[in-house]
Amino acid sequence: NAGVTQTPKFQVLKTGQSMTLQCAQDMNHNSMYWYRQDPGMGLRLIYYSASEGTTDKGEVPNGYNVSRLNKREFSLRLESAAPSQTSVYFCASSRTGYEQYFGPGTRLTVT
Amino acid sequence: AQTVTQSQPEMSVQEAETVTLSCTYDTSESDYYLFWYKQPPSRQMILVIRQEAYKQQNATENRFSVNFQKAAKSFSLKISDSQLGDAAMYFCAYRSAYGGTSYGKLTFGQGTILTVHP
Chain P
666 NAGVTQTPKF QVLKTGQSMT LQCAQDMNHN SMYWYRQDPG MGLRLIYYSA SEGTTDKGEV
726 PNGYNVSRLN KREFSLRLES AAPSQTSVYF CASSRTGYEQ YFGPGTRLTV T
Chain E
483 AQTVTQSQPE MSVQEAETVT LSCTYDTSES DYYLFWYKQP PSRQMILVIR QEAYKQQNAT
543 ENRFSVNFQK AAKSFSLKIS DSQLGDAAMY FCAYRSAYGG TSYGKLTFGQ GTILTVHP
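Protein chains in written order, with this note's numbering: chain P, 666 to 776; chain E, 483 to 600.
It is possible that part of the hints are untrue.
Stretch-level coverage of chain P by chain E, calculated; a stretch enters the list once three of its residues show a Cβ under 8 Å from a Cβ in chain E [what the hints assert, rightly or not]:
{"#": "1", "region": "681-688"}
{"#": "2", "region": "712-723"}
{"#": "3", "region": "730-740"}
{"#": "4", "region": "745-759"}
Hints in this document: simulated from the structure, not taken from any laboratory. For each residue, glycine too, the CB sits at the ideal point set by N, CA and C.
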């Protein structure tokens, strides 16, 4: 039982490049989330998926897209990376209405 | 929209002593959940404790307990008998108990860095 897994753990991009962050959970949770963590600002919600087949914007969605591929997987895509997207990205999952379990995070640097 | 504020960027405590981390929140809702998460240097977010707003009794998990003051919108975390392994960033978080578009989403405070001195 791996919980929530994220790949990659670290990534360096140049401005304008694209990439996809992968997230998977094996707890049969309905809901999945993407957060970013910046110094002094806590975690902020980018996008979430309340159930398979649905996605909604969170607090800071600009510059990102998501795909809920199936119940297990929820990916986050940066189409044209910007230095402002340098951050640590966390994926989380939960049963509907219950506490969230987090992945180990991805440290992304955009130069 | 709900907001969560942690006014202590950093706190320190001696090993075996007690420390309290503060959290206040703003909401117009009457039913919600509050959480404390711990983030050690490994970056992993670990749930420490949760509190349901409809419960008057303060939650307790071993050495961790909360002081939930609903009218004051205050939710502090007390760590008793502090251990070196408690050193981490601690986040307070809010989640609505109602349905709709905000259901299930967490709103986090800015975090408090806790240092434990041997």
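Comparing the hints with the structure gives:
1. 681-688: It is violated, with 0 qualifying residues against the three required.
2. 712-723: holds (count 4)
3. 730-740: violated (count 0)
4. 745-759: Holds: 4 residues of the region 745-759 of chain P have a Cβ under 8 Å from chain E.
Hint compliance for this structure: hints 1, 3 are broken, all remaining hints hold.
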